[in-house]
Amino acid sequence: MIVPAGHYLILAAALFTVGVVGVLVRRSLIVMFMSIELMLNSVNLTLVTFARIHGNLDGQILSFFVMVVAAAEVTVGLALIVNLFRLKASTDADQVDALRA
Amino acid sequence: MAEFWVFWILAPISLGSAIAMILMRNAVHSALMLVLNFFTLAAFYAVLEAQFLAVVQIIVYAGAIMVLFLFVLMLLGIARDEPLGSPVRGQKAGAVVLGLLLLAGLSVGVAGPFMGAEAVCGAEATEPAEPAGDGPACAGLAEVNAAEGGNIRQVGLRLFTDYVWPFEVMSVLLVIAALGAMVLGRRREDPSELVDGPRETGAVAVRAPLRSPAPDEEETR
Chain A
1 MIVPAGHYLI LAAALFTVGV VGVLVRRSLI VMFMSIELML NSVNLTLVTF
51 ARIHGNLDGQ ILSFFVMVVA AAEVTVGLAL IVNLFRLKAS TDADQVDALR
101 A
Chain B
102 MAEFWVFWIL APISLGSAIA MILMRNAVHS ALMLVLNFFT LAAFYAVLEA
152 QFLAVVQIIV YAGAIMVLFL FVLMLLGIAR DEPLGSPVRG QKAGAVVLGL
202 LLLAGLSVGV AGPFMGAEAV CGAEATEPAE PAGDGPACAG LAEVNAAEGG
252 NIRQVGLRLF TDYVWPFEVM SVLLVIAALG AMVLGRRRED PSELVDGPRE
302 TGAVAVRAPL RSPAPDEEET R
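If you read the protein sequences in the order shown, they are chains A and B. Mapping of the first sequence onto the numbering used here: position 63 corresponds to residue 63, and the numbering continues sequentially without gaps. For the numbering used here, add 101 to where a residue sits in the second sequence, where the first one is 1.
These aren't lab readings, by the way, just hints derived from the structure by calculation. By construction, the Cβ of each residue, glycine as well, lies at the ideal position given by its N, Cα and C atoms. One or more hints might be untrue.
[Said to hold, decoys possible] According to the in silico footprint, chain A covers these stretches of chain B (three or more CB under 8 Å from chain A): (1) 160-169; (2) 195-205; (3) 253-267.
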């Protein structure tokens, strides 16, 4: 009745895959952004699992740093999305073609 | 024993809420599914002997970040359903196939070597005397956590000794991100500043040097 570390790793891999598919499939920029958060979280789960496998805290601290970077990224990213919405009145990724020649 | 039940009850919820998040047509429902997913991950952290991270996960992710997401969704009023279909033909099928390939690769490559029951702790961590029972599964991290103050104190000690330089860099990063969000979020009064707004080509570059010496220069003369 024990859980091998591989089960956590497979769960994290599945969550990461769901995040990748979400970024590829969805058209709303905000949902794509949430999928990126999901990927970051699955990587955090992997780091915490490896921290237990190796028996030290370095993985947990790296995971903490990932959370901080994710917080900063969400702040700037959502500000960009709000700005984009003011320009285009939409958050559809297909509408954003300002760099198209 | 407790870990077994926590994992096998929460893992389907975690995976199901993640899949529901990308399937929901309404962005607010997606955000709520993501909140559920974050809570299950916090429970996993608690079970994996990372109590500090479990609390930070709930406060930072389920609290702050998701409030930010929901706030932006409500502010922009874009909770309406997304149109079905995509301009790229075969995009969804291709994404699912690529995702399954990625999942297979990650499972075999990353998780494969740790699937056995002996891999609960790995080779580096010392096995506990009696692996069965309610005790911690691995002695390595449990020893660190059992030291004075527990997991939170140990993480804090590590953060302010070995990792103090990354910690300071993180604080600078957060300040820069907050400033950047403020600059990006301010309301523009001048429509010519907008990317798609009416643009006076060359007018801004010419106007600036002409306007600057006007009031002060006249007083000195």
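Exercise for the section: Count the residues of the stretch 253-267 of chain B whose CB lies closer than 8 Å to any CB of chain A, then report whether that count reaches three. Expected result: Holds: 6 residues of the stretch 253-267 of chain B have a Cβ under 8 Å from chain A.
Handout entry: Given coverage of the stretch 160-169 of chain B by chain A, checked by CB-CB distance under 8 Å (3 or more)
Key = holds (count 5)
Handout entry: Given coverage of the stretch 195-205 of chain B by chain A, tested with a Cβ cutoff of 8 Å and a minimum of 3 residues
Key = Our answer is that it holds, as 8 residues pass the Cβ test (under 8 Å) against chain A, meeting three.
Going down the numbered hints, you'll see the structure goes against none, and every one checks out.
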